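Undergrad: Those protein sequences? They're chains A and B, same order as listed. The first sequence begins at 1130 in our numbering and counts up one residue at a time. The second sequence begins at 1130 in our numbering and counts up one residue at a time.
Derived from the structure by calculation, the hints contain no laboratory data. Quick caveat: nothing in here was measured; it's all calculated off a predicted structure. Wrong hints could be hidden among the right ones.
All copies of an identical chain are treated as equivalent in the list; a pair is satisfied when it fits inside any one copy or across any two copies.
[Said to hold, decoys possible] Below, a list of computed lysine-lysine pairs in the DSS-like style, where the Cα atoms sit at most 30 Å apart:
| id | residue 1 | residue 2 |
| --- | --- | --- |
| 1 | Lys1205 | Lys1410 |
| 2 | Lys1205 | Lys1422 |
| 3 | Lys1228 | Lys1181 |
Number of protein chains: 2
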Amino acid sequence: MYTIGIDIGGMSIKFGLVDCDGQISTKTVFKTPKNTEAGINTIILGIDQLLKQANVPLSEINGIGIGCPGAVDSDKGIIDVLPNLGWESIEISKILNEKYNLPVKISNDANVATLAEAKFGSAKGYNTVIMFTLGTGVGGGIIIDGKLFEGGWSRGAELGHVTLYADGIECTCGRRGCIERYVSATALIERTKLAMQNDRKSAMWDYVLGDIEKVDGKTAFECAKSGDKSANSVVDGYIKDLGESMMNMFNIFRPEAFVLGGGISAQGKYLTDKLIDYCEKFEYGYHNSPRTKIITATLGNDAGIIGAAALIE
Amino acid sequence: MYTIGIDIGGMSIKFGLVDCDGQISTKTVFKTPKNTEAGINTIILGIDQLLKQANVPLSEINGIGIGCPGAVDSDKGIIDVLPNLGWESIEISKILNEKYNLPVKISNDANVATLAEAKFGSAKGYNTVIMFTLGTGVGGGIIIDGKLFEGGWSRGAELGHVTLYADGIECTCGRRGCIERYVSATALIERTKLAMQNDRKSAMWDYVLGDIEKVDGKTAFECAKSGDKSANSVVDGYIKDLGESMMNMFNIFRPEAFVLGGGISAQGKYLTDKLIDYCEKFEYGYHNSPRTKIITATLGNDAGIIGAAALIE
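Input sequences plus hints: build the corresponding full structure.
TA: Here you go:
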């Protein structure tokens, strides 16, 4: 049996046929249309194309899972609003169930990525797992007793919108000081640019060939590795804020594993070693209990398809 | 059938016989001894005394539940360390199970209070519930799908030790800026005293008969109700910090109900109305989903016994 996993993104919709070991055997990609009706049609087109391409009959499919970049009602199977796509109020489970007569499950993209890592990726074998995806924003995912926890009305697990510094930097969500404003790739880039403006001699200027618009999530990390002082202080500040954000989650969930995904997680062991050092200093409640493992995601861009398929049990 | 609920506190250990509706039919209280061995003996003495007093045979008891002020390993049934009592490493489940041949469950005091409110108190009927106990410190409890969630190795749900202002006021836990340092009764008293020192004409001085050492968790609230400006600004600051702390939990759990317990919760509707007002301004993620109900605890001092008993299913 196979499961169809669908990863709806801002640019493209990825479709994959996933087996029970989380392996993708066939994949197809469509451009993301920017309105609701075209969105529905593209999803159906993609499923049909995937099945044709794989030459697998519907009878060998046990369900369809979908990860969405925005608010969904996973109980009712409704895509509520995907703000960057202009999609709204799609009864996607009903529509696909009527067409294919298969169970359909949906969740948001960060939840789906977390489920993928917990079932088939770096957090496999752990029962309680928290994940931050460090990208344009900060997504969050929660696995409790091996199951995805989405919060009431599937509106929880918005871990990027927990405050780190109440009264801090204004956030797109309407509050101030959210984690997202300090540890997203966007925030790291802002921190890096600021440090460069304050240190015209920093090696970071050479790294971006003098063009500050070329700064990305790697700039500070790479220049810190070669000993640049300003780059190191950007990294230290970033590690502190990320470490504090993670320790807040430790005190709430005391997860067995904490997974970091998204672009920044490409720093791998360099990143996790620094975070482990930072968090080790904090002993609260660890008396006679093991520490949370801090690891990076391993499924990369496939996590969206694999995790969407993993919504079907 | 009855369950024995035991509430271990800093001053006294309360024992109660609890029926399946969460009603306490018999109660007895012992002074809390300050060492491990005397602690074990007092628990046994208390259980025997309770059964004798109630004139109920062991065959009518289905289990023993215990709430503890400190770190426990609820899986293994071990009281790990109760710092204020000097108790350490007690295999309480094993000891009581051998003596009474009954199932024994333990948890920490804030978890137990939350379970009591969710099963028999103000949050009855709600599946996902978060609680803050606003006392000397801030305790936290998490109910997911009607069940107590204690975190890995039963070391999670330390909601008072999530930071509100990273880099803020030093906390006893070793970090800075924890919720507890801003919204506990202790913190409210400190805020109140500071405001009084800055306003010698505040009505709060009359309320405490000129003696600043008489300030308690009610001072600012009561004087705010009669219109004192400085008292109102203490209350506003407190509501803001408590509201922000609660909204962080909303974004993580989106609970159906959020319960406030501990001394400060005696302010009832005056407190919850202000918090609802504060949190209403924040719209993130509420699109098409109901709001979290903000309520105060109703079981008072009995919550410890009732919740401990509720650990036995």
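Undergrad: Taking the hints in turn, state whether each one holds.
TA: Evaluated hints:
| no. | hint | verdict |
| --- | --- | --- |
| 1 | Lys1205 - Lys1410 | between (44 Å within a copy, 27 Å between copies) |
| 2 | Lys1205 - Lys1422 | between (35 Å within a copy, 22 Å between copies) |
| 3 | Lys1228 - Lys1181 | within (16 Å within a copy, 67 Å between copies) |
Checked against the numbered hints above, the structure breaks none of them.
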